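Engineer: Each chain is listed here by its residues.
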Amino acid sequence: KAGVTQTPRYLIKTRGQQVTLSCSPISGHRSVSWYQQTPGQGLQFLFEYFSETQRNKGNFPGRFSGRQFSNSRSEMNVSTLELGDSALYLCASSLVAGTEKLFFGSGTQLSVL
Amino acid sequence: ELKVEQNPLFLSMQEGKNYTIYCNYSTTSDRLYWYRQDPGKSLESLFVLLSNGAVKQEGRLMASLDTKARLSTLHITAAVHDLSATYFCAVTGTASKLTFGTGTRLQVTL
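Chains A and B, in that order, are what the protein sequence lines are.
Just so we're aligned: the first sequence equals residues 21 to 133 in our numbering.
Just so we're aligned: the second sequence equals residues 10 to 119 in our numbering.
No lab work stands behind these hints, which were simulated from the structure alone.
Note that the structure is predicted; figures quoted are calculated from it, not measured.
Take these hints with a grain of salt, some might be off.
Straight-line Cα separation of at most 25 Å, DSS-like style, residue types lysine-lysine; simulated pairs [claimed, not checked]:
no. : chain 1 : residue 1 : chain 2 : residue 2
1   : A       : K121      : B       : K26
2   : A       : K121      : A       : K77
3   : B       : K50       : A       : K121
4   : B       : K65       : B       : K26
5   : A       : K121      : B       : K77
6   : B       : K12       : A       : K121
7   : B       : K12       : A       : K77
8   : B       : K77       : B       : K65
9   : B       : K65       : B       : K12
10  : B       : K12       : B       : K77
11  : B       : K50       : A       : K33
One side of the interface only, derived from the structure: several residues of chain B facing chain A at Cβ under 10 Å [what the hints assert, rightly or not]:
no. : residue
12  : L20
13  : Q46
14  : V57
15  : R79
16  : T86
17  : A87
18  : K106
19  : G110
20  : T111
For each residue, glycine too, the CB sits at the ideal point set by N, CA and C.
Isolated chain A (complex conformation) (with noise of 0.2 Å):
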């Protein structure tokens, strides 16, 4: 069974521009979250998604956006970049929204010049 997929697992942005980031759930899982990690502030949740509704959102400016598809997939957006948002952007699949087990993806390592 294959793992949460996260695309591309690197990428690097000036600032001002805008990015979209991928993921996959694992298959049969109908639940996407996302989640920022930096080495200063940690790990910190973004937004959740449920059946293509975003069910949670996170303390971000409104630059940063997700959707999610009819097939479970996610992406986020992150639009007029700025230095801070160089970070790890995780993103974790659930069978369900708030069910016991999150599984994390490899994560897009983003850098922001």
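Given the structure of chain A, go ahead and fit chain B onto it with the hints provided.
Structural biologist: Only chain B this time, still in chain A's reference frame:
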């Protein structure tokens, strides 16, 4: 706002020794997770603790939960070098959003 604190932040220990990582959280939660992260890698789920008094063990790691004290511990028995990693606890707050602790970087030396 839910806060999760871990200590210590960094732990250097010799192989064969025992030690405990502590995780305190500020408000009532219905589940607590422990994850392991190797450098440059993703998070690997270790334990999910669902109720007061829950204890789970896997190999040299044992996790416990005291919901009244809002405290979880991750105990390492007879550490080996392969356990070197960063360990995170995380607690569910509203809905299924996870709030993570700061992480404990464990270094096991020969």
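Engineer: Hint by hint, note whether the structure agrees.
Structural biologist: Outcome of the hint check:
| no. | hint | verdict |
| --- | --- | --- |
| 1 | K121(A) / K26(B) | 30 Å, violated |
| 2 | K121(A) / K77(A) | 19 Å, holds |
| 3 | K50(B) / K121(A) | 18 Å, holds |
| 4 | K65(B) / K26(B) | 20 Å, holds |
| 5 | K121(A) / K77(B) | 23 Å, holds |
| 6 | K12(B) / K121(A) | 21 Å, holds |
| 7 | K12(B) / K77(A) | 17 Å, holds |
| 8 | K77(B) / K65(B) | 18 Å, holds |
| 9 | K65(B) / K12(B) | 23 Å, holds |
| 10 | K12(B) / K77(B) | 16 Å, holds |
| 11 | K50(B) / K33(A) | 21 Å, holds |
| 12 | L20 | 17 Å, violated |
| 13 | Q46 | 9 Å, holds |
| 14 | V57 | 5 Å, holds |
| 15 | R79 | 19 Å, violated |
| 16 | T86 | 24 Å, violated |
| 17 | A87 | 27 Å, violated |
| 18 | K106 | 5 Å, holds |
| 19 | G110 | 8 Å, holds |
| 20 | T111 | 6 Å, holds |
The structure shown violates the earlier hints numbered 1, 12, 15, 16, 17.
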